[in-house]
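Colleague: If you're matching them up, the sequences are chains A and B in order.
Each residue of the first sequence is one higher than the one before, counting from 8 in the working numbering.
Each residue of the second sequence is one higher than the one before, counting from 212 in the working numbering.
Hints are computed from structural coordinates only; laboratory data are not their basis.
Given the structure is predicted, the values throughout are model-derived calculations rather than measurements.
There could be a bad hint or two in this list.
Among the chain B residues that face chain A by a calculated CB cut under 8 Å, a handful are [said to hold, decoys possible]: (1) Val235; (2) Leu252; (3) Pro274; (4) Val275; (5) Leu363; (6) Phe416; (7) Asp420; (8) Leu426; (9) Gly487; (10) Ile496; (11) Ile512; (12) Gly529; (13) Ala532.
Computed cross-link-like contacts, SDA-like style, restricted to lysine to any residue with a CA-CA straight-line distance of at most 20 Å [claimed, not checked]: (14) Lys236/B to Glu153/A; (15) Lys447/B to Asp32/A; (16) Lys361/B to Ala326/B; (17) Lys236/B to His28/A; (18) Lys205/A to Ser533/B.
Don't be surprised by glycine CBs; every beta carbon is placed ideally from N, CA and C.
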Amino acid sequence: MSTQSKPASWTLRVRQAIDRHLPMDHLLPDRQPYYVGSWVYVFGVVTIAALVWVVVSGVVLSFFGPQWWHDSSIGRFFNSLHFWAVQLFFLFMVLHLWGQYFMAGWRHGRAATWMIGVVIFGTSILTAFTGYLSQQNFDGQFIALEAKDAMNAAGAGAFFNVLNFGQMYGLHVMLLPIGVTFLVVAHIVLVRVRGVVKPIDAEGGARS
Amino acid sequence: MKKSMGETQEEYYRGVRMVPYDLVKELAIALAGFGVLAIVLAAFLSSPDVPPVTIATWSQTDPVDFVTTATGELAGTTGSAGYGQPYNSTPDAYQRWGPIAPQAWFGVRIPVDSANAFVMEPLKRATVGDTTLGAALSKWEGATADQQAKWLDAYTTALPDATLADGKVAVVDGDYGPLPAMMSNLLGVAQSGGLDGLLVINGRFYQTDYTQPLLFIGDSGYLEGLVADANLAGDKWGVMNETGQYPGQTWLWLFSFWYQVFPFTSDSGFLGLNAGNADLGIILIMTVLTILLALVPFIPILRDIPRWLPLHRLIWRGYYASKTSTPART
Numbered sequence: 008m009s010t011q012s013k014p015a016s017w018t019l020r021v022r023q024a025i026d027r028h029l030p031m032d033h034l035l036p037d038r039q040p041y042y043v044g045s046w047v048y049v050f051g052v053v054t055i056a057a058l059v060w061v062v063v064s065g066v067v068l069s070f071f072g073p074q075w076w077h078d079s080s081i082g083r084f085f086n087s088l089h090f091w092a093v094q095l096f097f098l099f100m101v102l103h104l105w106g107q108y109f110m111a112g113w114r115h116g117r118a119a120t121w122m123i124g125v126v127i128f129g130t131s132i133l134t135a136f137t138g139y140l141s142q143q144n145f146d147g148q149f150i151a152l153e154a155k156d157a158m159n160a161a162g163a164g165a166f167f168n169v170l171n172f173g174q175m176y177g178l179h180v181m182l183l184p185i186g187v188t189f190l191v192v193a194h195i196v197l198v199r200v201r202g203v204v205k206p207i208d209a210e211g212g213a214r215s
Numbered sequence: 212m213k214k215s216m217g218e219t220q221e222e223y224y225r226g227v228r229m230v231p232y233d234l235v236k237e238l239a240i241a242l243a244g245f246g247v248l249a250i251v252l253a254a255f256l257s258s259p260d261v262p263p264v265t266i267a268t269w270s271q272t273d274p275v276d277f278v279t280t281a282t283g284e285l286a287g288t289t290g291s292a293g294y295g296q297p298y299n300s301t302p303d304a305y306q307r308w309g310p311i312a313p314q315a316w317f318g319v320r321i322p323v324d325s326a327n328a329f330v331m332e333p334l335k336r337a338t339v340g341d342t343t344l345g346a347a348l349s350k351w352e353g354a355t356a357d358q359q360a361k362w363l364d365a366y367t368t369a370l371p372d373a374t375l376a377d378g379k380v381a382v383v384d385g386d387y388g389p390l391p392a393m394m395s396n397l398l399g400v401a402q403s404g405g406l407d408g409l410l411v412i413n414g415r416f417y418q419t420d421y422t423q424p425l426l427f428i429g430d431s432g433y434l435e436g437l438v439a440d441a442n443l444a445g446d447k448w449g450v451m452n453e454t455g456q457y458p459g460q461t462w463l464w465l466f467s468f469w470y471q472v473f474p475f476t477s478d479s480g481f482l483g484l485n486a487g488n489a490d491l492g493i494i495l496i497m498t499v500l501t502i503l504l505a506l507v508p509f510i511p512i513l514r515d516i517p518r519w520l521p522l523h524r525l526i527w528r529g530y531y532a533s534k535t536s537t538p539a540r541t
């Protein structure tokens with residue numbers, strides 16, 4: 008494409024790029040290849056649903072402050088909801104990851120989708136870890152004291168002080184959830200841009 | 212709608228039978244179903260919330276252990292006193308593997324002087340209106356390092372046989388200098404709850420950093436006993452645990468796994484990796500494994516395993532069944 012044919016407006020160029028790479032019928036398709044009927048595809052959707060519940064219950068907890076759930080039965084319920092939503096989030100995310108591995112979901116130009124998925128997994132572990140450190144109970148104390156040695160040995164402890172509640176809480180309720188959410192959106196966009204991969208041996212084996 | 216691979220979705224799916232699929236409905240059902248499941252689990256199973264250990268409860272429950280730990284802080288023999296970076300610069304205390312020593316690279320970023328922070332400074336604050344304590348501190352600070360070491364050694368030797376009298380720690384008669392008076396006062400401050408506050412205030416009003424009190428409590432035998440009683444110790448898969456029967460950070464199983472096996476259970480180890488630098492070694496292993504996981508699409512064998520194993524035939528059962536009955540239309 009020659010430079011003369013590019014519109015001068017940045018807004019128009021962004022809109023045209025979105026139209027070109029992710030038209031609405033790709034973002035929200037109403038038809039899928041017939042092999043998408045497998046139950047393994049459900050794990051990804053349930054992981055997204057879990058993330059929504061994790062975020063909603065987390066927003067309620069953070070709104071009332073870190074002490075609330077220790078002193079209030081309603082607070083304890085929302086903490087429990089957050090706790091179990093996180094447990095199930097990881098369960099379904101791991102099932103999704105293994106499912107995609109055995110489907111070799113990275114084939115036909117989808118390696119970036121897989122790699123972002125691995126980064127989401129790692130960022131989610133860090134997010135959950137800071138949550139466990141922010142509990143302000145015996146578990147939070149014990150986990151912080153156990154974990155400090157690995158963090159310090161890695162050099163990370165000099166900047167990521169697991170014994171500093173304020174730092175861990177701030178990371179847990181703000182930066183890390185934003186990071187996970189952003190990465191999940193990017194992951195979904197890539198899935199929708201490329202579409203779901205064909206079954207193995209349809210063509211190209213398991214290679215990317 | 213061109214893709215970087217030079218193929219549009221329409222081209223990619225050419226010849227593939229497309230069927231109606233309601234993504235939004237599927238997400239809505241997943242949201243509702245997951246919500247019901249999580250609410251039921253939360254309502255019936257709740258979540259763990261064992262109250263935290265405070266210095267007050269520690270010193271009230273086990274005064275001898277408190278005084279023993281505080282004496283160890285003064286002698287520089289506790290875990291935090293000799294920890295090394297990022298808390299202090301104890302020589303050769305950091306973990307290393309050959310030239311790899313990230314613990315030492317960033318220096319003392321979170322300074323903690325255990326003897327001063329946990330013992331001397333709180334006692335100096337407590338001297339207000341207490342001339343006896345003031346005299347004891349003056350005697351301690353006026354003594355030579357050699358004399359202080361002798362007092363500490365004698366007191367540390369006597370403490371295992373210490374007895375309790377009216378909540379106070381008593382040891383057999385000996386030359387301990389001002390140590391019994393100092394420790395008795397520190398114990399009183401701790402039992403009143405004052406030490407919990409003193410270790411976090413640090414001249415500020417608002418604070419959220421519990422590094423100092425946590426390190427002090429972490430040095431205690433009291434916490435170690437609680438952790439062992441709750442089956443939470445490192446040899447019981449440590450950080451992935453949670454109190455009670457609740458699942459903890461089970462996703463850290465592989466990280467915790469390495470602590471249970473050779474060479475990280477051995478003092479001699481293998482290729483320089485051993486129990487002494489287990490934290491560093493395991494972090495390095497997990498970093499490499501995470502990078503490998505991310506790069507699976509480009510690594511022969513790892514990327515070929517799904518093709519070799521028949522699990523994908525189970526996942527896409529309908530597809531492969533149709534292929535055997537009719538020619539593939541891809």
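Colleague: Taking the hints in turn, state whether each one holds.
Modeller: Results for each hint:
Hint on Val235/B holds. Least Cβ distance to chain A is approximately 7 Å, under the 8 Å limit. The interface hint given for Leu252/B holds, since its Cβ lies 4 Å from the closest Cβ of chain A, which is under the 8 Å cut-off. A least Cβ separation of about 20 Å between Pro274/B and chain A goes past the 8 Å threshold, and the interface hint is therefore violated. Violation of the interface hint for Val275/B is found here, the shortest Cβ-Cβ separation to chain A being roughly 21 Å, above the 8 Å cut-off.
Taken as an interface hint, Leu363/B does not check out: its beta carbon lies about 25 Å from the nearest beta carbon of chain A, beyond 8 Å. About 14 Å separates the beta-carbon of Phe416/B from the nearest beta-carbon of chain A, more than 8 Å, and the hint is not met. Below 8 Å, beta-carbon pairs count as interface contacts, and Asp420/B has one with chain A at about 5 Å; its hint therefore holds. Interface hint status for Leu426/B: upheld, as the beta-carbon distance to the closest one in chain A is roughly 7 Å, under 8 Å.
Taking 8 Å as the C-beta contact cut-off toward chain A, the hint placing Gly487/B at the interface is violated, the least distance being around 10 Å. For Ile496/B, the interface hint is violated, since its Cβ never comes within 8 Å of a Cβ in chain A; the closest pair sits about 12 Å apart. A distance limit of 8 Å between C-beta atoms decides the matter here; for Ile512/B the minimum to chain A is near 10 Å, and the interface restraint is violated. The interface hint given for Gly529/B holds, since its Cβ lies 6 Å from the closest Cβ of chain A, which is under the 8 Å cut-off.
Nearest Cβ of chain A to the Cβ of Ala532/B: about 11 Å, over the 8 Å cut. The hint is violated. In summary, the hint linking Lys236/B to Glu153/A is not supported, as the alpha carbons are separated by about 44 Å, beyond the 20 Å threshold. Restraint check for Lys447/B and Asp32/A: the C-alpha separation of about 52 Å exceeds 20 Å, so the hint is violated. A hinted pair counts as satisfied when its Cα atoms are at most 20 Å apart, and Lys361/B with Ala326/B qualifies at roughly 16 Å.
Restraint check: the Cα-Cα separation between Lys236/B and His28/A comes to about 24 Å, which exceeds 20 Å; the hinted pair is violated. A distance of roughly 14 Å separates the Cα atoms of Lys205/A and Ser533/B; the hinted pair therefore holds under the 20 Å criterion.
Checked against the numbered hints above, the structure breaks hints 3, 4, 5, 6, 9, 10, 11, 13, 14, 15 and 17 and satisfies the rest.
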